[in-house]
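Next come the chains, spelled out residue by residue.
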Amino acid sequence: MEHIDFSLVDWSRAQFALTALYHWLFVPLTLGLSFIIAFMETLYYRTGNPEWKRITKFWMTLFGVNFAIGVATGIILEFEFGTNWSNYSWFVGDIFGAPLAIEGIMAFFLESTFIAVMFFGWNKVSKRFHLASTWLVAIGSNLSALWILVANAWMQYPTGMRFNPDTARNEMVNFWDVLFSPVAINKFLHTVFSAYILAAIFVVGVSAWFLLKNREQLFAKRSMKIAAIFGLAASFLTIVTGDGSARNMAKYQPMKFAAMENLYVGQQSAPLVAIGLLKEDSKETLHKKQDFRFEIEIPNMLSYMAFLDPNAYVPGIKDLVHGNPERNILSIKEKSEKGKIAIQSLAAYRNAKKANNDTLAKSSLASFEINYPYFGYGYYAGRDEHELIPNIPLTFYSFRIMVGLGFHFIALLLVVLILIRKNLLEKKRFILYTALWTIPLAYIASELGWIVAEVGRQPWVIQDILPTIAAVSQIQPASVQITFWLFFVLFTGLLIAEIKIMISQIKKGPAPESSEI
Amino acid sequence: MFETFSHILLQQYWWIIVSLLGAILVFLMFVQGGQTLIYTLGKTEDERTILVNLLGRKWEFTFTTLVTFGGAFFASFPLFYSTSFGGAYWVWMLILIAFVVQAVSYEYRQKPNNFLGKRTYETLLFINGLLGTVLIGTAVATFFTGSEFSVDKMNLTLLTGNKMPIISEWKGLANGLEAAFNLQNLSLGLAVFFLSRVLALLYFMNRVRNTEIMVRVQKHLLYNAIPFVVFFLTFVIWLMLSSGFAVDPATGIVSMESFKYFHNLIAMPVVAVLLLLGVAMVLVGIIRPLTCFVKCGTKGIWLSGIGTILTVFSLLLLAGFNNTAYYPSTFDLQSSLTIQNSSSSHYTLTVMSYVSLMVPFVIAYIFYAWRSIDNKKMDIEEIQSESHVY
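As given, the protein sequences belong to chains A and B, one line each in that order.
Residue 229 is where the first sequence starts when you use the working numbering, and the numbers rise one by one after that.
Residue -9 is where the second sequence starts when you use the working numbering, and the numbers rise one by one after that.
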C-alpha cells in the first residue's frame, strides 16, 4: 500500500485536530453562558432590579469576547471538510452536508441576528423584546450545536443511508434516522450539558475572584448562585447521558470502548478500572498492548456500564483484532478481505455497467451489497491490522481524568451552593481559590471528552466504512504543513488576545451602578 | 410537495437557492469594502469609530451568509465542495484566513489589553476586505473560465498502484492560486472588490450623520465606481464573446461552444432581463447620489444592493442553467461539474427543500430586528451612549 501518503494523512489529521481543539476552547462557554445570561436577564425583567441588569451586562461582555473567537475558529472547521477531506465530502456529502446547511439556515442566522439586538438594543427595543433576543441567542447557539453534533454522531454511527454504486457514494434514505439516532441524541445532550458545567464553573470561578478581592459581593454571590444551580442540574444530566454514551460506544464502537478501558482480552463480568497506571507490554508492542502498573477495580462494573448486565461479555482489543469465533466476532483480517471484495465488486459493477454487461453488473452488485458493511476495512487488506487500534493510553487517561474532574466539579458546585445558603462563602477562602483554579480544569475536562470521542474512533472517519487514508484531499503534504503552522500561530495569537482581554474585562468589573439605571 | 418534483427540478431549485445565497453574499460584502475605506474616509479617531461601528453591526450577516452558502453548496452539490475546496486549496484557505481574522477584529479592536493593538485589528479588517472580495470574485470567475482538475469515481476502488484512492485531483500548479493569474478571473475579482467599496460608500451615505465623512464619501464614490464599471464591463464583454462549456443533455458529454454564455442569455430571456435590470439598478444607485447627493443620495444602497443581487444571481444562472457545466475542467472536459452530475440525491434535495421554506421566515426576522435597532443615523454621540462599542 505504498500508494498511501501517510505524511499527507497525518498532517491533515493534525490540522483538523488542531482546529477542533481550538474551536472547542470557546464553544462550551458560548453554549452555557448564553443560558446563564438569559436566566439573569429574566430576573431583571421580572424584578426590575437594576442590579440584575448590571450582572447580565457584565457576563454579556465576556460572552461577546468569547463568541467572536468561537465564530472565527468555527468557519475553518466547516470548510476543512472540503479542503482537507475531499473524498469524504463526496463519499458522504449527501448525508453530512444537510445538517451543516440546516445549521446555517436555522441556527446561525438566529444567533447573528439577535446577538446584535442583545448588544445594541438595550435602549432601542422594549425590555420584553430584548429578553426574547437574549433567549433566542441561547437557543440559536444550542441549535447550532445540535446540527453539528448530529453530523458528528452520524460519523460514529452511520445510519439512515445506503450506498449507491452508480454515484459511488452514500445517500440518505431516512432523515429522521439520522436526526434521531440514539447516538445523535445522546451525543448532543451529553455535549451541551457538559458545556453548561464549564460555563457554570467559569461564572463561579470568576465570581470567586471578586469575593477574594472583596469587590462586588452582591454581584458575585448572585452570579454564583445561578451558575451553581445551573451547573449542578447540568452535572446530573451529564452523568445520565455519559452513561448512555458508554453503552452506545460499547454497542457501536467496541474497539474504542476496549481502548478506552484498556481491555486487552475480552471477559465476562468485566471489572471497571477506576484508577490505573499503564505501562507498555514489551512483548506485545505490535498489539500496542498496555499492562497495568497498578489498578483499582470495581468488580462487574464494566459489563454493567456497557450492557446494563453485570455478567455481560465485553470484547477486548485482542478479540477485535484477531476475532473470537465463540462470540461471533470477526477478525480484522476477515473484515479486510470482505471489504476488499466490496471494493473490487464496486469496480467490477461499474465496469460491467459501462460495458452494458447486465449479468456481471448484477452479480457484482450482489457481492458488493453483502460485503458493504466492511467496505472501509478493504483499504487495510494486506496491511498490518494493528493500525486499526487507536491510541490506548491517550483514550484511557483522558476518560479517567475527565470523569474524575467531573466529580470534582459536582462537589465544588454543591459546596458553593451550600455556603451561599449559609452565608459563609466569603469566609471560606480555600473554596474560593479552588473555584478560581477550577476554571482551567473545566476546559481540560471538556477537551479530554473530545479526545476520547475522536482519538478513540481512529482511524475511522465514518465508522467501518471510510478510514482517514481514503478520506483525504489529494494535495501536497507541504501545503497542509504550512496551513497547519499558519493556523497554529493564528489561533494561538488570538487565544492570547482573548485571554488578555477577558482578564482585563474581569478586572474592570461590572459597570458602575449609576450607569445602569 | 417536493417529493413529487423530478430530480432535475430539485437540482435546478437548489442551483437557484445557492445562486441567490451567493448573490446576497456579494451584496453583503459591502462590509468588506467598507473595511478597506476606514482610513480613507475616517481622518479622526471619532470618524473611524463611527465607520467601524456601522460595519461592525453587519459583519456577522456577511459571515453567516458565507457559512450558509458553504453549507448549502455542500448539501446540494457535494462534488463541487469535494473538488473545488480540496483542489483549489490555497485560494479557499486564504479566503478562510481572511474571514477568521475579521471575526475577532471588531470585538477586540477597542478592548483594553488586546495584545495586538488597535491598529493591527484595523489592518486585519483591511486584509479581510481586500483578500475576501478579490479572491471570492476570482474563484467565482472560474465558474466560467474553468480550472484544471479531473474527477474519476473509480479511483475509490484503487487498492494498489501509485495513486491514492481519491476521486478528485487538482492539476493546477498552485492549488487554485493560478486562477488569480488569469486576467478574466482577475477582472471579476477586482470588479467585486470595487463594487464592495461602492456599496460600502452607499451604505455609509444611508447611515452616517457626519458632514466631513459624507463629503469624502461622495468623492470616493466616483473614484470607486469608475474602476468597478471598467472591470465589470471587461468581464461581461469577455464572457459574452468567449466560448463556454456546453453539456449534451442526452449523453452528459461536455464540449466547447462558441458564445455559449451569450447563447444562454438569449435562450433564457428572464435571466437576460434580470441581468439588465440588475446592472441598471446598480448604476442608477451610484449615479443618483453623485448627481443629487443631499436630496436623493441616501437610498442608493437599496437600489444598488438589490441590483447587485439580481446581477450576481443572473450571472450564476448563466453558469449553471441551459445545459452548461458550472464548474468546468479545462484539463479534462468530461470531469466538468454540472448541476446534474454533482448534486445530492433526490431524497436529500427534497429534505433540504423543506428546510428552505424557512428562508422567508429568516429574512423576515432579520428585517424586523434590523429595523428595531437601526432606526436612526449614527454619529459619535450615539456610539458614546452605547455600552457595547467596537
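FYI, nobody ran anything at the bench for these hints, they're computed from the structure.
One or more of the hints may lead you astray.
[Claimed, not checked] When the alpha-carbon atoms are kept at most 25 Å apart in a straight line, the in silico SDA-like pairs for lysine to any residue are as follows:
#  : chain 1 : residue 1 : chain 2 : residue 2
1  : B       : K161      : A       : A360
2  : B       : K366      : B       : P239
3  : A       : K352      : B       : V352
4  : A       : K352      : B       : S377
5  : B       : K143      : B       : P239
6  : B       : K48       : A       : A360
7  : B       : K153      : A       : D233
8  : B       : K108      : A       : F716
9  : A       : K728      : B       : G107
10 : A       : K441      : B       : V352
11 : A       : K352      : B       : K366
Evaluated hints:
| no. | hint | verdict |
| --- | --- | --- |
| 1 | B:K161 - A:A360 | violated (52 Å) |
| 2 | B:K366 - B:P239 | violated (53 Å) |
| 3 | A:K352 - B:V352 | holds (21 Å) |
| 4 | A:K352 - B:S377 | holds (12 Å) |
| 5 | B:K143 - B:P239 | holds (21 Å) |
| 6 | B:K48 - A:A360 | holds (20 Å) |
| 7 | B:K153 - A:D233 | holds (9 Å) |
| 8 | B:K108 - A:F716 | holds (22 Å) |
| 9 | A:K728 - B:G107 | holds (12 Å) |
| 10 | A:K441 - B:V352 | violated (46 Å) |
| 11 | A:K352 - B:K366 | holds (10 Å) |
Of the numbered hints given earlier, the model fails hints 1, 2, 10; all others are met.
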